[in-house]
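Chemist: Residues per chain are reported as follows:
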Amino acid sequence: AQSVAQPEDQVNVAEGNPLTVKCTYSVSGNPYLFWYVQYPNRGLQFLLKYITGDNLVKGSYGFEAEFNKSQTSFHLKKPSALVSDSALYFCAVRDGDTGGFKTIFGAGTRLFVKA
Amino acid sequence: KAGVTQTPRYLIKTRGQQVTLSCSPISGHRSVSWYQQTPGQGLQFLFEYFSETQRNKGNFPGRFSGRQFSNSRSEMNVSTLELGDSALYLCASSLGRDSVFEQYFGPGTRLTVT
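Chains U and Z, in that order, give the protein sequences.
Sequence positions in the first sequence follow our numbering and run 364 to 478.
Sequence positions in the second sequence follow our numbering and run 2 to 115.
It is worth saying that the hints were derived from the structure and are not from the lab.
Ideal Cβ placement from N, Cα and C applies to all residues, glycine included.
Take the hints with a grain of salt, since some may be wrong.
[Unchecked claim] Stretch-level coverage of chain Z by chain U, calculated; a stretch enters the list once three of its residues show a Cβ under 8 Å from a Cβ in chain U:
#1 38 to 51
#2 95 to 101
[Stated by the list, open to error] Listing some non-contacts, in silico: residues in chain U with all C-beta distances to chain Z over 12 Å:
#3 Pro370
#4 Asn380
#5 Asp417
#6 Leu419
#7 Tyr424
#8 Asn431
#9 Lys432
#10 Thr435
#11 His438
#12 Lys440
#13 Val446
#14 Phe475
#15 Lys477
Pulled out of the complex, with its shape left as it was, chain U reads as follows (with noise of 0.2 Å):
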């Protein structure tokens, strides 16, 4: 069965500095990963997503992911935070294998950027 983790409930980072929110998964056959971001009270946006080429994709809002194969992670990172990106961060593989497709989540990494 596929699966993502993300290993940080919380990311604390200064405003400007460089950020990275972590996800590792599970699965059998091509990954096809994303991810999300959740503002307050408002339903999930996306952001990127990896499903074959480059290991360095790049998304909305200066993000950019990272797919390592061989560590089966896709870390999301941005060069220089803004206290705007405080939001709670998903990752997310799509599972195609049951005949229906769904989505898995990972448990979310909410990020604090410190001004």
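Here the structure of chain U is known, so what remains is to put chain Z in place on it, guided by the hints.
Modeler: Same frame as chain U, now just chain Z:
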């Protein structure tokens, strides 16, 4: 293009009642999925619909049901509500069913069961 809309945004029900939540996907999106979000369990998959057919179902009791209409709009129904059903229910749509497609989420319906 308008995003995914969900109605109502907030709902308060008592135990034993039933509730129907509605979701309108982004125009042109034919796949609709539902998720339950709670602080303890995180985001859990409920169902996936495509072309008016339920294609996949998560590990929820039969009290949770849904359907999709010919215009891709979807509803989910929860009967005999329990306190543990209190949650944020999120609807998501995507352009297709393949795993390469990202999902676009609505703002959710916050259900409180008392």
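Chemist: Now tell me, hint by hint, if it's right for this structure.
Modeler: These are the hints, each one checked on the structure:
1. 38 to 51: holds (count 4)
2. 95 to 101: That given contact holds, which follows from 4 residues of the stretch 95 to 101 of chain Z lying within Cβ reach (below 8 Å) of chain U.
3. Pro370: holds (14 Å)
4. Asn380: U:Asn380 clear of chain Z: closest Cβ-Cβ about 27 Å, beyond 12 Å.
5. Asp417: holds (15 Å)
6. Leu419: holds (18 Å)
7. Tyr424: holds (15 Å)
8. Asn431: holds (20 Å)
9. Lys432: holds (17 Å)
10. Thr435: holds (17 Å)
11. His438: Check passes; 18 Å lies beyond 12 Å.
12. Lys440: Answer for U:Lys440: holds, closest chain Z Cβ roughly 19 Å.
13. Val446: Non-interface label stands for U:Val446: nearest chain Z Cβ at 23 Å, farther than 12 Å.
14. Phe475: At roughly 17 Å from the nearest Cβ of chain Z, U:Phe475 sits farther out than 12 Å, so the non-interface label holds.
15. Lys477: holds (23 Å)
Comparing the model with each numbered hint stated earlier shows that all of them hold.
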